[in-house]
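Trainee: Hey, can you work out the whole structure from these sequences and the hints?
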Amino acid sequence: MEACTEEEQVKLLGWLRSPFVTRVRIALALKGIQYQFIEDDAENKSQLLLQSNPVHKKVPVFIHNGKIVCESMIIVQYIDETWDTKAPNLLPKDPYDRAIARFWAAFVDDKLLLSIWGVLVGQGEKQQKAVEESLANFLLLDDALRASSCSGNAYFGGVEIGFADIALGGLLVTIKAIQKVTNTVLVDPQKMPHLCAWIDRFSEIDLVKGILPDPVKVLERVSSQRAKFTSAGN
Amino acid sequence: MEGCGEDGQVKLLGVTRSPFVARVRMALALKGIHYEFIEEDISIQNKSELLLQSNPVHKKIPVLIHNGKPVCESIIIVQYIEEEWDSKAPFLMPRDPYDRAVARFWAAFIDDNVFPSIVRAFRGQGEEQHKAGEESVENLLLLEEVLRSTGKAYFGGDGIGLVDIALGALLVLIQTVEKVTNIVLMDTQKSPLLSAWADQFCKADKVKNALPDRAELFVYLSARRAELTSPPPRN
Chain A
0 MEACTEEEQV
10 KLLGWLRSPF
20 VTRVRIALAL
30 KGIQYQFIED
40 DAENKSQLLL
50 QSNPVHKKVP
60 VFIHNGKIVC
70 ESMIIVQYID
80 ETWDTKAPNL
90 LPKDPYDRAI
100 ARFWAAFVDD
110 KLLLSIWGVL
120 VGQGEKQQKA
130 VEESLANFLL
140 LDDALRASSC
150 SGNAYFGGVE
160 IGFADIALGG
170 LLVTIKAIQK
180 VTNTVLVDPQ
190 KMPHLCAWID
200 RFSEIDLVKG
210 ILPDPVKVLE
220 RVSSQRAKFT
230 SAGN
Chain B
0 MEGCGEDGQV
10 KLLGVTRSPF
20 VARVRMALAL
30 KGIHYEFIEE
40 DISIQNKSEL
50 LLQSNPVHKK
60 IPVLIHNGKP
70 VCESIIIVQY
80 IEEEWDSKAP
90 FLMPRDPYDR
100 AVARFWAAFI
110 DDNVFPSIVR
120 AFRGQGEEQH
130 KAGEESVENL
140 LLLEEVLRST
150 GKAYFGGDGI
160 GLVDIALGAL
170 LVLIQTVEKV
180 TNIVLMDTQK
190 SPLLSAWADQ
200 FCKADKVKNA
210 LPDRAELFVY
220 LSARRAELTS
230 PPPRN
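Those protein sequences? They're chains A and B, same order as listed. For the first sequence, the positions run 0 to 233 when numbering that gives the first Met the number 0 is used. For the second sequence, the positions run 0 to 234 when numbering that gives the first Met the number 0 is used.
Rather than coming from a laboratory, the hints here were simulated on the basis of the structure. Even glycine gets a Cβ: it sits at the ideal position worked out from N, Cα and C. Any given hint could turn out to be false.
[Unchecked claim] Heads up, simulated PhoX-like pairs for lysine-lysine below, C-alpha to C-alpha not over 25 Å straight-line:
1. 130(B) to 56(A)
2. 205(B) to 189(B)
3. 58(B) to 128(A)
4. 128(A) to 179(A)
5. 57(A) to 130(B)
6. 190(A) to 205(B)
7. 92(A) to 30(A)
8. 56(A) to 189(B)
9. 30(B) to 92(A)
10. 46(B) to 110(A)
11. 68(B) to 92(A)
12. 66(A) to 151(B)
13. 30(B) to 59(B)
14. 58(B) to 125(A)
15. 57(A) to 44(A)
16. 128(A) to 59(B)
17. 175(A) to 227(A)
18. 30(B) to 68(B)
19. 46(B) to 68(B)
20. 227(A) to 110(A)
21. 87(B) to 205(B)
22. 68(B) to 110(A)
23. 216(A) to 179(A)
24. 178(B) to 189(B)
25. 189(B) to 151(B)
26. 87(B) to 92(A)
27. 59(B) to 110(A)
28. 227(A) to 216(A)
29. 110(A) to 58(B)
30. 58(B) to 46(B)
31. 10(A) to 216(A)
32. 151(B) to 30(B)
33. 125(A) to 227(A)
[Unchecked claim] Incomplete in silico selection of chain B near chain A, CB under 10 Å:
34. 68
35. 72
36. 76
37. 85
38. 111
39. 217
Mentor: Shown next as structure tokens:
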């Protein structure tokens, strides 16, 4: 999509299979913001990427009228605050509810990601421990969704998808791929009915369907990461 | 200070040596919010019912409890304080969305990069420890560069903001770890602006009484370091 107005120039730098880029694309789509997607290459990072994100050298990088924003959930908050008159609100209005949304997004980034990465790159006992941690983390998310649904909310924060849903939702294809590649069950339908219902609901949203990465490409990437970390001599 | 009145009932669960708890104490002090400080025993077997119920996911301090509702994770708590008491000066976050994104970026960098390198330097030995010290110096050089490019006294501009609080609360930790391990984490020669900022921050009104307890932290970290570097017991 071209960013065509004179007033506004919106660019997103990344690669489509990235769960973090996916988060930002979902936020932009929810707000109905036109932008230019600049495809970069993980194996051969562009000068633009290296110059725009010199600290981390990672995607996504969001460029709005020349101003650079990095880190996916920081970008999502930036989008929400900059286009604050465009519905929907990605973060709730109430400060306490915002704190809870940020808490779960941080949980996904700080705990969940670490544990599923441990499953992907681990072997033997180390991997088993990562599997147990991942299960425990997914159970906590299931419980949070159970509590939300008791309050009549289909999603983490409300009746529509918001900040925490975007944080977890961006990872769905990757989570599936990791389970497939490592032959593990991390999201257990019997033990985590609320999480599984949320996954189905989230994945069925039209707007989301068009954005979730190609499972084949993600599987390829995840497989090669496993091979890289578990090859002999590592 | 009792936490009741116009700000509602405000409690903070924590320990005085924790830099993460210090962040919250600083934010509360800057905003002039009265609260009850509840000193916790954070050894695994002794965590209080209140802590376990208020933070069932992480079972960690700090936890801010406002009118019975718990908020966890220090940077999230500081943002909550800012947003809940948004009419009380000073403002801990900038108004402009871009400046807010930049502040959040550096706060995240402090938690995801600066803090872990300090921990690795503290826990490590030999080459690993040396490398962690170098990483810490490099990380702080990036923050030095931020001050150089803005030319302001604080990361928050003319006054203390989120990033100042995020990093400022770690200063006592940095200095104590340096003392206990003899590893340089912050190179004062290479980062003169940051050093000047550190001095100014630690002397600032309201903040200076909320710094982590230096003596307590030294005792705690000395004991931990001794445990880490002592030979394993013979069976």
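Trainee: The structure should be examined with respect to each hint, and the outcome stated for every one.
Mentor: We went through each hint and held it up to the structure:
For the suggested pair residue 130(B) and residue 56(A), the alpha carbons sit about 21 Å apart, so the restraint of at most 25 Å is met. At most 25 Å may separate the alpha-carbon atoms for a hinted pair to count; residue 205(B) and residue 189(B) exceed this at roughly 29 Å. Straight-line distance between C-alpha atoms of residue 58(B) and residue 128(A) comes to about 20 Å, which keeps the hinted pair within the 25 Å bound. Taken as a hint, the residue 128(A) and residue 179(A) pair is honoured in the structure, with Cα atoms around 18 Å apart against an allowance of 25 Å.
Between residue 57(A) and residue 130(B) the CA atoms are separated by roughly 23 Å; this keeps the pair inside 25 Å, and the hint holds. Only pairs whose Cα atoms come within 25 Å are accepted, and residue 190(A) paired with residue 205(B) is rejected, the gap being roughly 49 Å. Distance check on the hinted pair: residue 92(A) and residue 30(A) sit about 16 Å apart at the alpha-carbon level, within 25 Å; holds. This hinted pair checks out: residue 56(A) and residue 189(B) have alpha carbons roughly 24 Å apart, not beyond 25 Å.
Simply put, residue 30(B) and residue 92(A) have alpha-carbon atoms about 21 Å apart, close enough for the 25 Å limit, and the pair holds. A C-alpha spacing of about 21 Å is found between residue 46(B) and residue 110(A), which places the hinted pair at or below 25 Å, so the restraint holds. Only pairs whose Cα atoms come within 25 Å are accepted, and residue 68(B) paired with residue 92(A) is accepted, the gap being roughly 17 Å. For the hint pairing residue 66(A) with residue 151(B), the CA-to-CA distance comes to about 20 Å; that is within 25 Å, so the pair holds.
Simply put, residue 30(B) and residue 59(B) have alpha-carbon atoms about 24 Å apart, close enough for the 25 Å limit, and the pair holds. A C-alpha spacing of about 23 Å is found between residue 58(B) and residue 125(A), which places the hinted pair at or below 25 Å, so the restraint holds. Between residue 57(A) and residue 44(A) the CA atoms are separated by roughly 9 Å; this keeps the pair inside 25 Å, and the hint holds. Note on residue 128(A) and residue 59(B): the hinted pairing holds, with a Cα-Cα distance of about 21 Å set against a maximum of 25 Å.
Restraint check for residue 175(A) and residue 227(A): the C-alpha separation of about 19 Å stays at or below 25 Å, so the hint holds. Taking the CA atoms of residue 30(B) and residue 68(B), the gap is near 19 Å; set against the 25 Å cutoff, the hint holds. About 19 Å separates the Cα atoms of residue 46(B) and residue 68(B), which keeps this hinted pair within 25 Å; it holds. Of the supplied pair hints, the one linking residue 227(A) and residue 110(A) holds, its CA atoms being roughly 23 Å apart against a limit of 25 Å.
The suggested pairing of residue 87(B) with residue 205(B) holds, with an alpha-carbon distance near 15 Å, which does not exceed 25 Å. Distance restraint check for residue 68(B) and residue 110(A): the Cα-Cα separation of roughly 23 Å lies within the 25 Å cut-off, and the hinted pair is therefore satisfied. Distance check on the hinted pair: residue 216(A) and residue 179(A) sit about 13 Å apart at the alpha-carbon level, within 25 Å; holds. At most 25 Å may separate the alpha-carbon atoms for a hinted pair to count; residue 178(B) and residue 189(B) meet this at roughly 19 Å.
Of the supplied pair hints, the one linking residue 189(B) and residue 151(B) holds, its CA atoms being roughly 18 Å apart against a limit of 25 Å. As the CA atoms of residue 87(B) and residue 92(A) are separated by approximately 18 Å, the hinted pair is consistent with the 25 Å bound. A distance of roughly 14 Å separates the Cα atoms of residue 59(B) and residue 110(A); the hinted pair therefore holds under the 25 Å criterion. Restraint check: the Cα-Cα separation between residue 227(A) and residue 216(A) comes to about 17 Å, which is no more than 25 Å; the hinted pair holds.
Proposed proximity of residue 110(A) and residue 58(B) is supported: the alpha carbons are some 13 Å apart, at most 25 Å. Taken as a hint, the residue 58(B) and residue 46(B) pair is honoured in the structure, with Cα atoms around 8 Å apart against an allowance of 25 Å. At most 25 Å may separate the alpha-carbon atoms for a hinted pair to count; residue 10(A) and residue 216(A) meet this at roughly 23 Å. Of the supplied pair hints, the one linking residue 151(B) and residue 30(B) holds, its CA atoms being roughly 21 Å apart against a limit of 25 Å.
Between residue 125(A) and residue 227(A) the CA atoms are separated by roughly 17 Å; this keeps the pair inside 25 Å, and the hint holds. For residue 68(B), the interface hint holds, the least distance from its beta-carbon to any beta-carbon of chain A being 6 Å, beneath 10 Å. Using the Cβ-Cβ criterion of 10 Å, the hint placing residue 72(B) at the interface with chain A is satisfied: the shortest such distance is roughly 6 Å. Hint status for residue 76(B): holds, given a least beta-carbon distance of 7 Å to chain A, under 10 Å.
At a threshold of 10 Å, the smallest CB-CB gap from residue 85(B) to chain A is about 8 Å, leaving the interface hint in force. The interface hint given for residue 111(B) holds, since its Cβ lies 9 Å from the closest Cβ of chain A, which is under the 10 Å cut-off. With its C-beta approaching chain A no nearer than about 28 Å, residue 217(B) sits outside the 10 Å limit, and its interface hint is violated.
Consistency note: the structure conflicts with the earlier hints numbered 2, 6, 39.
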